[in-house]
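Undergrad: Here is what each chain is made of, one letter per residue.
Number of protein chains: 2
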Amino acid sequence: MTAAKAKESPASRWLSYRPEIKVLDCTIRDGGLMNKHQFPDEVVKGVYTACVEGGIDYMELGYKGSRKNIVVGEFGCWKYCQEDDIRRVVGDNPTSLKLSVLADAEKTDYKTDILPKSESVLDMIRVACYVHQIPTAMDMVKDAHDKGYETTLNLMAVSTVAERELNEALEIAAKSEVGTIYVVDSFGSLYSEQIRFLVKKYLGYAKATGKEVGIHAHNNLQLAFSNTIEAIILGANRLDSTMAGLGRGAGNCLTELLLGFLHNPKYDLGPVLKCVQDHIEPMRANMHWGFDLAYMITGQLNQHPRAAIKYYEADKREDIVNFLNRVSE
Amino acid sequence: MTAAKAKESPASRWLSYRPEIKVLDCTIRDGGLMNKHQFPDEVVKGVYTACVEGGIDYMELGYKGSRKNIVVGEFGCWKYCQEDDIRRVVGDNPTSLKLSVLADAEKTDYKTDILPKSESVLDMIRVACYVHQIPTAMDMVKDAHDKGYETTLNLMAVSTVAERELNEALEIAAKSEVGTIYVVDSFGSLYSEQIRFLVKKYLGYAKATGKEVGIHAHNNLQLAFSNTIEAIILGANRLDSTMAGLGRGAGNCLTELLLGFLHNPKYDLGPVLKCVQDHIEPMRANMHWGFDLAYMITGQLNQHPRAAIKYYEADKREDIVNFLNRVSE
Numbered sequence: 090m091t092a093a094k095a096k097e098s099p100a101s102r103w104l105s106y107r108p109e110i111k112v113l114d115c116t117i118r119d120g121g122l123m124n125k126h127q128f129p130d131e132v133v134k135g136v137y138t139a140c141v142e143g144g145i146d147y148m149e150l151g152y153k154g155s156r157k158n159i160v161v162g163e164f165g166c167w168k169y170c171q172e173d174d175i176r177r178v179v180g181d182n183p184t185s186l187k188l189s190v191l192a193d194a195e196k197t198d199y200k201t202d203i204l205p206k207s208e209s210v211l212d213m214i215r216v217a218c219y220v221h222q223i224p225t226a227m228d229m230v231k232d233a234h235d236k237g238y239e240t241t242l243n244l245m246a247v248s249t250v251a252e253r254e255l256n257e258a259l260e261i262a263a264k265s266e267v268g269t270i271y272v273v274d275s276f277g278s279l280y281s282e283q284i285r286f287l288v289k290k291y292l293g294y295a296k297a298t299g300k301e302v303g304i305h306a307h308n309n310l311q312l313a314f315s316n317t318i319e320a321i322i323l324g325a326n327r328l329d330s331t332m333a334g335l336g337r338g339a340g341n342c343l344t345e346l347l348l349g350f351l352h353n354p355k356y357d358l359g360p361v362l363k364c365v366q367d368h369i370e371p372m373r374a375n376m377h378w379g380f381d382l383a384y385m386i387t388g389q390l391n392q393h394p395r396a397a398i399k400y401y402e403a404d405k406r407e408d409i410v411n412f413l414n415r416v417s418e
Numbered sequence: 090m091t092a093a094k095a096k097e098s099p100a101s102r103w104l105s106y107r108p109e110i111k112v113l114d115c116t117i118r119d120g121g122l123m124n125k126h127q128f129p130d131e132v133v134k135g136v137y138t139a140c141v142e143g144g145i146d147y148m149e150l151g152y153k154g155s156r157k158n159i160v161v162g163e164f165g166c167w168k169y170c171q172e173d174d175i176r177r178v179v180g181d182n183p184t185s186l187k188l189s190v191l192a193d194a195e196k197t198d199y200k201t202d203i204l205p206k207s208e209s210v211l212d213m214i215r216v217a218c219y220v221h222q223i224p225t226a227m228d229m230v231k232d233a234h235d236k237g238y239e240t241t242l243n244l245m246a247v248s249t250v251a252e253r254e255l256n257e258a259l260e261i262a263a264k265s266e267v268g269t270i271y272v273v274d275s276f277g278s279l280y281s282e283q284i285r286f287l288v289k290k291y292l293g294y295a296k297a298t299g300k301e302v303g304i305h306a307h308n309n310l311q312l313a314f315s316n317t318i319e320a321i322i323l324g325a326n327r328l329d330s331t332m333a334g335l336g337r338g339a340g341n342c343l344t345e346l347l348l349g350f351l352h353n354p355k356y357d358l359g360p361v362l363k364c365v366q367d368h369i370e371p372m373r374a375n376m377h378w379g380f381d382l383a384y385m386i387t388g389q390l391n392q393h394p395r396a397a398i399k400y401y402e403a404d405k406r407e408d409i410v411n412f413l414n415r416v417s418e
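Protein sequences appear in the order of chains L and E.
Read in order, the letters of the first sequence are residues 90 to 418 in the numbering used here.
Read in order, the letters of the second sequence are residues 90 to 418 in the numbering used here.
Honestly, the hints are just simulated from the structure, not real lab data.
Don't take every hint at face value.
To be verified - Straight line, CA to CA, 20 Å or less: simulated PhoX-like cross-link-like pairs of lysine-lysine: (1) E/K405 - E/K111; (2) L/K405 - E/K363; (3) E/K363 - L/K363; (4) E/K264 - E/K236.
Claimed, not checked - If you only want the chain E side, here are some residues facing chain L, beta carbon under 7 Å, derived: (5) N158; (6) V160; (7) G162; (8) F164; (9) L204; (10) K206; (11) S207; (12) S281; (13) Q311; (14) S315; (15) I321; (16) G349; (17) L351; (18) L362.
Claimed, not checked - Just so you have them, the derived chain E footprint on chain L, three or more residues with Cβ under 8 Å: (19) 176–189; (20) 221–227; (21) 277–291; (22) 312–320; (23) 361–371.
For glycine and all other residues, C-beta sits at the position ideal for the given N, C-alpha and C.
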């Protein structure tokens, strides 16, 4: 076979890898949406250890939620990620694993609650916003960047954003200090061709200004992993995943699937499997996450999963055809 | 937007469909591998009704297994699919749903057990074989074709077939009477780029001689649905799926996901959801099918799922890292 022919064969690519690719495990952050962020410390420690031993690049611990008017005990500490809580689990984090938190636009007192990098064990601040919150988000990115952090912009629910507005948002982000711009499929409703269209678009804005593109996928249509692969093939280098797919509703791209796909020898599947078995799966009895029919239906309809989450929380399970008819109306 | 630009946008394709695409639901056939084909009649009837009402094109009832030396009661009747058993459920099948069975090369007495089409309610005989069984399979295809049936060739475990042998097999199949040639990912180990490579290859052989290409995917890597979409995009028109993904090991592409994706208005999701709820999910307590870690591991290693099936059948669950290390050796 000639060299040119060998290059065409997909199998030839199995033997190499892109060192720029970084995996961010957001098990505790996205999973926290299913249990009000009430993880025992040993679970957070278990995920942290698995990330370190598994060679994962970033671990996201939770949110930087505003603590104004909070009801003590309503939410676990990973909704706020105060420095003391983080250090209780990771100490000074003397590892190569970087740590991140997510800050939602309009739900965080970022100016006061995000410490200067020199006083924090955190490495990265990820800013999440809806498209109309871009001005706030950009101020948050600047604040975090100026404090010394790596930053990302996670523009949520992109499947509902008009293309003209998306272009404008990406133009603004491309001119900002942000390091990575994420394609976020909040409703898990995007098919591969739509992912291709979006990732190409994001790359067009990001690459011109030296930024990376990331992908955060949900599994409502069992496409979280395949859409992440699609994004990798096109050039996205920042990949979100969670162990056992733990996350809101249908959950996320599985870390264990992703590590099995990536060929960088620094990744090790064993510690992640052990963590899933010992710490994540035991929580399943009390938390309904992962692909299931009601989540599939909201994904097919390009809707927020809240109706499906309610469906599974109900004491008596509604007939699934009723649910389909009700949410389709 | 100009017409040319509109054509580039993936969203523009959401609004049309390819009428040539046909869905084959093989819930009872592939699922039978997990319960020795022992389905109560009401379950088979439930799936049949859902296929009819859901607008599905084909339903596969089971195998045409050899009845020589059988131990009565060891397997259910859907391992043999005798005419009386089929008619007990479907009568004379006065519907537009076509019925198929799968005949495994070297495991069937096809010359005697497959009746002439005029005496059977079946419409299609699907022939499954490994690559070294191609001569037998071709004789089976000819036999079924001459008896008046539609036919397919399902070349199994293609992820383990050397390319030179695959080319030869496809060349032989292309010259035969067979109507459809299937890409069969028996181990659920193929990634999208490998699916693209194979589907393009199969289409090259099949289209030149007026045949269709089909796809039969397994869900070990949560890629059964996305690989089916990949195949559709490239031109495959025959799609296998099962309700709730019921099938051997990690199971199959879900019929309910596929119907949600296909835009042909003849398909109706409701009856399929009802069947999943009323007939399929109640069986889950006694049958371990669908994505899970041990199935993922055999998929990642391109192995037959038998080690994983044993893992889940064991009285005491082995440590998952032990399993990984053991099957990786």
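Undergrad: Indicate, hint by hint, whether the structure satisfies it.
TA: A quick look at each hint next to the structure:
no.: 1; hint: E/K405 - E/K111; result: 42 Å, violated
no.: 2; hint: L/K405 - E/K363; result: 17 Å, holds
no.: 3; hint: E/K363 - L/K363; result: 37 Å, violated
no.: 4; hint: E/K264 - E/K236; result: 19 Å, holds
no.: 5; hint: N158; result: 41 Å, violated
no.: 6; hint: V160; result: 38 Å, violated
no.: 7; hint: G162; result: 34 Å, violated
no.: 8; hint: F164; result: 30 Å, violated
no.: 9; hint: L204; result: 38 Å, violated
no.: 10; hint: K206; result: 36 Å, violated
no.: 11; hint: S207; result: 39 Å, violated
no.: 12; hint: S281; result: 6 Å, holds
no.: 13; hint: Q311; result: 5 Å, holds
no.: 14; hint: S315; result: 3 Å, holds
no.: 15; hint: I321; result: 10 Å, violated
no.: 16; hint: G349; result: 4 Å, holds
no.: 17; hint: L351; result: 11 Å, violated
no.: 18; hint: L362; result: 5 Å, holds
no.: 19; hint: 176–189; result: violated (count 0)
no.: 20; hint: 221–227; result: violated (count 0)
no.: 21; hint: 277–291; result: holds (count 6)
no.: 22; hint: 312–320; result: holds (count 7)
no.: 23; hint: 361–371; result: holds (count 4)
Of the numbered hints listed earlier, those contradicted by the structure are 1, 3, 5, 6, 7, 8, 9, 10, 11, 15, 17, 19 and 20.
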